[in-house]
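Enquirer: The task is simple: from the sequences and hints, build the whole structure.
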Amino acid sequence: MVEIRALARGDWDAVEAIYAEGIATRQATFETSTPPWEEFDHGRLQDHRFVAVDGARVLGWAALSPTSSRACYAGVAEHSVYVAESARGRGVGKALMGALLASADAGGIWTIQTSVFPENAASVALHERLGFRVVGRRERIAQLDGAWRDTLLLERRV
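In the numbering used here, the protein residues as written are -18 to 139.
The set of hints was computed from the structure by calculation and includes no laboratory data.
A hint or two may mislead.
[To be verified] Distance ranges between label pairs, derived from CB positions:
| id | residue 1 | residue 2 | range |
| --- | --- | --- | --- |
| 1 | Tyr54 | Ala128 | 28 to 36 Å |
| 2 | Leu134 | Gly(-9) | 28 to 36 Å |
| 3 | Asp28 | Leu125 | 29 to 37 Å |
| 4 | Ala(-13) | Ala128 | 33 to 41 Å |
| 5 | Gly56 | Ala106 | 23 to 31 Å |
| 6 | Glu66 | Gly89 | 32 to 40 Å |
| 7 | Pro47 | Glu109 | 22 to 30 Å |
| 8 | Val(-17) | Cys53 | 34 to 42 Å |
| 9 | Tyr54 | Ala87 | 17 to 25 Å |
| 10 | Ile122 | Cys53 | 18 to 26 Å |
| 11 | Arg7 | Gly89 | 30 to 38 Å |
| 12 | Ile122 | Gly36 | 33 to 41 Å |
[Said to hold, decoys possible] Once the Cα atoms are required to be at most 20 Å apart in a straight line, the calculated SDA-like pairs of lysine to any residue come out as:
| id | residue 1 | residue 2 |
| --- | --- | --- |
| 13 | Lys75 | Asp28 |
| 14 | Lys75 | Leu111 |
| 15 | Lys75 | Gly112 |
| 16 | Lys75 | Met(-18) |
| 17 | Lys75 | Ser46 |
| 18 | Lys75 | Arg138 |
| 19 | Lys75 | Gln94 |
No residue lacks a Cβ here, since even glycine has one placed at the ideal position from N, Cα and C.
Expert: Printed below as a string of structure tokens:
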């Protein structure tokens, strides 16, 4: 049984390992290495970050990050969701996203956005099932390993 709870400092080693697995796929992010805890902690909203656990084992994580420091964008956030390779296909991502969306709704977040590589069909499908829509395709937005990549910009508005 998967439980969703708040992400705590003590989860960092497992969260970092899952993040590194996602980075290694080259289908989840332009990042090429994980950040130190302090950077991760500072860049994510304290009340909107979760882990999925099975007993003591962390299976995945999700978090919101602010998109701007301007007050007018206080209700706009970007999210990340990562699931351990060994736990994929078991509904962990959907459970994490459900908790994250409920938290965002309760916390006054009116827009959640994310960028997804178009080749990551599983992520695109999950987002669409949860009410996200593709706003557009950003062509050749950045390079990963020397190759230009496109991303899809998805958003969910309350």
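Enquirer: A range of 34 to 42 Å was offered for this pair. Does it hold for the Cβ distance of Val(-17) and Cys53?
Expert: holds, 37 Å
Enquirer: I want to verify a distance hint. Is the separation of the beta carbons of Tyr54 and Ala128 within 28 to 36 Å?
Expert: With Cβ atoms ~31 Å apart, the hint holds.
Enquirer: Can you confirm whether the C-alpha distance between Lys75 and Ser46 stays at or below 20 Å?
Expert: OK: Lys75 and Ser46 at ~19 Å, within 20 Å.
Enquirer: Can the suggested window of 33 to 41 Å be confirmed for the beta-carbon pair Ile122 and Gly36?
Expert: 39 Å Cβ-Cβ, so the 33 to 41 Å window holds.
Enquirer: Range hint 23 to 31 Å: satisfied by the CB atoms of Gly56 and Ala106?
Expert: holds, 26 Å
Enquirer: Confirm or reject the claim that Ile122 and Cys53 have a C-beta distance inside 18 to 26 Å.
Expert: holds, 24 Å
Enquirer: Just to be sure I understand the hint, the distance between the Cβ atoms of Tyr54 and Ala87 should be within 17 to 25 Å; is that true here?
Expert: holds, 19 Å
Enquirer: Between Glu66 and Gly89, is the Cβ distance one that fits in 32 to 40 Å?
Expert: holds, 34 Å
Enquirer: Given a hint of 30 to 38 Å, does the C-beta separation of Arg7 and Gly89 actually sit inside it?
Expert: Given a distance of about 35 Å, which is inside 30 to 38 Å, the answer is holds.
Enquirer: For the pair supplied as a hint, Lys75 and Gln94, confirm whether the alpha-carbon distance does not exceed 20 Å.
Expert: Distance of about 16 Å is within 20 Å: holds.
Enquirer: With the threshold set at 20 Å, check whether the alpha-carbon distance from Lys75 to Leu111 stays at or below it.
Expert: Satisfied, since the Cα-Cα distance of roughly 8 Å is no more than 20 Å.
Enquirer: Range first: 29 to 37 Å. Now tell me if the beta carbons of Asp28 and Leu125 are that far apart.
Expert: Holds - the Cβ-Cβ distance for Asp28 and Leu125, about 31 Å, lies within 29 to 37 Å.
Figure legend: structure checked against the earlier numbered hints; every hint is met.
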